[in-house]
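Visitor: Chain by chain, the residues run as shown.
There are 2 protein chains.
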Amino acid sequence: MSQSLVPYVAVIFTSTLAFEHQEEYSQWAERMIDLAKTQPGFISIVSARDSETRFGISVSYFKDEESVKKWKAVHEHQEAQKLGKEKFYSEYSVKVAKVYREY
Amino acid sequence: MSQSLVPYVAVIFTSTLAFEHQEEYSQWAERMIDLAKTQPGFISIVSARDSETRFGISVSYFKDEESVKKWKAVHEHQEAQKLGKEKFYSEYSVKVAKVYREY
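Quick note, the sequences are listed as chains L and B, same order.
So that you can map any letter, position 100 of the first sequence is 99 in numbering that gives the first Met the number 0, and since no number is skipped, the others follow by simple counting.
So that you can map any letter, position 81 of the second sequence is 80 in numbering that gives the first Met the number 0, and since no number is skipped, the others follow by simple counting.
For the record, the hints were derived by calculation from the structure and aren't laboratory data.
No residue lacks a Cβ here, since even glycine has one placed at the ideal position from N, Cα and C.
Be careful, since some hints might not be right.
[What the hints assert, rightly or not] Dumping the calculated DSS-like pairs for lysine-lysine here, alpha-carbon to alpha-carbon at most 30 Å:
hint, chain 1, residue 1, chain 2, residue 2
1, L, Lys97, B, Lys36
2, L, Lys71, B, Lys97
3, B, Lys36, B, Lys86
4, B, Lys97, L, Lys97
5, L, Lys68, B, Lys97
6, L, Lys97, B, Lys62
[Unchecked claim] To give an idea of the chain L side of the interface with chain B (calculated C-beta under 8 Å), a few residues:
hint, residue
7, Ala9
8, Asp49
9, Phe54
10, Gly55
11, Ile56
12, Val58
13, Val93
14, Lys94
15, Val98
16, Glu101
[To be verified] Chain B regions said to be covered by chain L (calculated; three or more residues, Cβ under 8 Å):
hint, region
17, 41 to 51
18, 92 to 102
Looking at chain L on its own, in the form it has when it is part of the complex:
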């Protein structure tokens, strides 16, 4: 993204991984990143996780609000969200924001 695309939408997802199901989580996480990349309006995604605390941040960028809503409703993604809530994360949060400046 050398040319600025502002405004666009950022989905800021933070989570702490539970101790269990880590291998199953990794497979789902990888699959979801691959699937996100194929969605209309998808721009990019960045992720980092601290291996000691298991706390991680992912920020995915989409062209607009409509793209975010469509991605949230994709069947396999909904399944992943359910598993995340029930099994993979001890806590998580989602914030949706409009990027208006970047450098």
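Using the hints, position chain B against chain L.
Guide: Using the frame of chain L, we list chain B on its own:
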């Protein structure tokens, strides 16, 4: 943040640490987090870094754009930004966004 404060401002900072100066970086990073927490309008900050790739994401939240601009201009923070650019990071990016939904 159990009660929603939307809208507020998110500063999404991504960086990859250079191989050198890591101890000096850690001291500066810790100091900057402590200093950010004392700024007017500061809400919270979250950070995660992958120890293998050295890629990290920090998101700091402020009440409004004015608070972000004031924090960016704090003398010691400017010194840190200069050091980051020249010594600590092999690459970095900053995006400023307005959070309008959270759950």
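Visitor: Classify the hint on L:Val93 as holds or violated, based on whether any CB of chain B lies nearer than 8 Å to its CB.
Guide: It holds, given that the least Cβ distance between L:Val93 and chain B is near 5 Å, below 8 Å.
Visitor: Is the interface hint satisfied for L:Lys94? The criterion is a beta-carbon contact with chain B at less than 8 Å.
Guide: Nearest chain B Cβ about 4 Å off; hint holds.
Visitor: Hint check: is the beta carbon of L:Ile56 less than 8 Å from a beta carbon of chain B?
Guide: holds (4 Å)
Visitor: Hint validation: L:Gly55 versus chain B, beta carbon distance must be below 8 Å. Holds or violated?
Guide: Interface hint status for L:Gly55: holds (5 Å vs cutoff 8 Å).
Visitor: When I compare C-beta atoms, does the region 41 to 51 of chain B have three or more residues closer than 8 Å to chain L?
Guide: Per the Cβ count (6), the hint holds.
Visitor: Examine the region 92 to 102 of chain B for residues whose CB is less than 8 Å from any CB of chain L, and state whether their number is three or more.
Guide: It holds: at least three residues are needed, and the region 92 to 102 of chain B offers 11 whose Cβ sits within less than 8 Å of chain L.
Visitor: Given the hinted pair B:Lys36 and B:Lys86, is their Cα-Cα distance within 30 Å?
Guide: holds (24 Å)
Visitor: At a threshold of 8 Å, is the proposed contact between L:Val58 and chain B supported by beta-carbon distances?
Guide: Holds. Min distance 6 Å.
Visitor: Against the 30 Å threshold, does the CA-CA distance of L:Lys68 and B:Lys97 hold or violate the hint?
Guide: Status holds; Cα separation ~18 Å.
Visitor: Given L:Phe54 was flagged as interface, is its beta-carbon under 8 Å from a beta-carbon of chain B?
Guide: holds (6 Å)
Visitor: B:Lys97 and L:Lys97: Cα distance at most 30 Å?
Guide: With a Cα-Cα distance of about 5 Å, the restraint between B:Lys97 and L:Lys97 holds, given a limit of 30 Å.
Visitor: Can the hint on L:Asp49 be confirmed by a CB-to-CB distance to chain B that is less than 8 Å?
Guide: L:Asp49 check passes; min Cβ-Cβ to chain B is 5 Å, inside 8 Å.
In terms of the numbered hints stated before, the structure departs from none.
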